[in-house]
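Peer 1: Dock chain B against the given chain A, drawing on the hints supplied.
So the protein lines, in turn, are chains A and B. Here the first sequence is numbered in this note's numbering, starting from 444 and rising by one per residue. Here the second sequence is numbered in this note's numbering, starting from 37 and rising by one per residue.
Hints are computed from structural coordinates only; laboratory data are not their basis. Treat each hint with caution, since some may be false.
As the list claims (entries may be wrong) - According to the in silico footprint, chain B covers these stretches of chain A (three or more CB under 8 Å from chain B):
{"#": "1", "region": "464-474"}
{"#": "2", "region": "509-520"}
{"#": "3", "region": "554-565"}
To be verified - Chain A residues, not near chain B, derived (Cβ > 12 Å throughout):
{"#": "4", "residue": "484"}
{"#": "5", "residue": "485"}
{"#": "6", "residue": "495"}
{"#": "7", "residue": "506"}
{"#": "8", "residue": "537"}
{"#": "9", "residue": "538"}
{"#": "10", "residue": "546"}
{"#": "11", "residue": "575"}
To be verified - Stretch-level coverage of chain B by chain A, calculated; a stretch enters the list once three of its residues show a Cβ under 8 Å from a Cβ in chain A:
{"#": "12", "region": "102-113"}
{"#": "13", "region": "118-129"}
Computed from a predicted structure; not experimentally measured. Yeah, the Cβ is synthetic: ideal placement off N, Cα and C, and Gly gets one too.
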Amino acid sequence: MSTHDVRVQRSSICGCARTRRTVTEFVLDACRRSHEPLPPSSGDRLMASDGAAIRFHASLQGDEIADVRYEASSCATLIAYAELLGDFVVGKPIVRVAALAPRTLIELLPGVPRERQERAIIVAQAWSSAIATAWQSEHQDRSER
Amino acid sequence: MKVAYIFSTQGHTVSYKLGRMILPQLEENRHGVDVVGMFFFEDNNYVLMQGNPLGERLKLQADEKGFVLMGCDQCCYEREIADKLVAGIPIGCFPDLYAALSGNPPDQVITL
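Next comes chain A alone, as it looks inside the complex (with noise of 0.2 Å):
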């Protein structure tokens, strides 16, 4: 199992540009950062049709998108996108990166063949999940202030 704080890359996020990483360097980061511990709140573990898994787990500070980790089999590609999707998220405002498209981490990622794309969907779905979740943890916490 892997797990990724993205803390340590806000400085390279690229946002809406095209991300020039490859798979396996995204593989690479996650492997340096797969002792951090995780944020509390998580969305559900979904598996793929192979028994690849993924979970996300994502804190938020305010309406933003504060710190995201993930539990995830060791599949290459399905470590990448999830890597690519905190790259993409982390530091921007929940409204618009609460639902991705699978596409959206398709275009971003070049060089994954199109049978294995599919791992896309399945971190997309993860995420929301775990989207839910931090908002559902996060107002919790502000009505009982």
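Peer 2: Just chain B now, with coordinates in the frame of chain A:
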């Protein structure tokens, strides 16, 4: 006997053992065993690239004889050729290889 080949070491593995022994024998239907799969690690994946004469011939044999060809996904990503393989040759990792071979498993796995 059914055999799966794992091309793991480099050097003359692909150009010599595959290109001059296994593949010509397959083309002449005299290899002596039923090949059910071939999996490629490291630089051996370059043989699977579109336009590579060995890779193209190998794909013809795979289609004709019904065996699996697969490139190691991380090896291909590292070399930025994952989306440049001969059409119909997938990349994958061990779970993908085992799944692909599960319907026609080998009696022996030969690592070269």
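Peer 1: Would you mind marking each hint as holding or not holding in the structure?
Peer 2: Evaluation of the provided hints:
{"no.": "1", "hint": "464-474", "in the structure": "holds (count 4)"}
{"no.": "2", "hint": "509-520", "in the structure": "holds (count 4)"}
{"no.": "3", "hint": "554-565", "in the structure": "holds (count 6)"}
{"no.": "4", "hint": "484", "in the structure": "holds (29 Å)"}
{"no.": "5", "hint": "485", "in the structure": "holds (24 Å)"}
{"no.": "6", "hint": "495", "in the structure": "violated (8 Å)"}
{"no.": "7", "hint": "506", "in the structure": "holds (36 Å)"}
{"no.": "8", "hint": "537", "in the structure": "holds (31 Å)"}
{"no.": "9", "hint": "538", "in the structure": "holds (33 Å)"}
{"no.": "10", "hint": "546", "in the structure": "holds (16 Å)"}
{"no.": "11", "hint": "575", "in the structure": "holds (29 Å)"}
{"no.": "12", "hint": "102-113", "in the structure": "holds (count 3)"}
{"no.": "13", "hint": "118-129", "in the structure": "holds (count 6)"}
Violated hint for the displayed structure: number 6, the only one.
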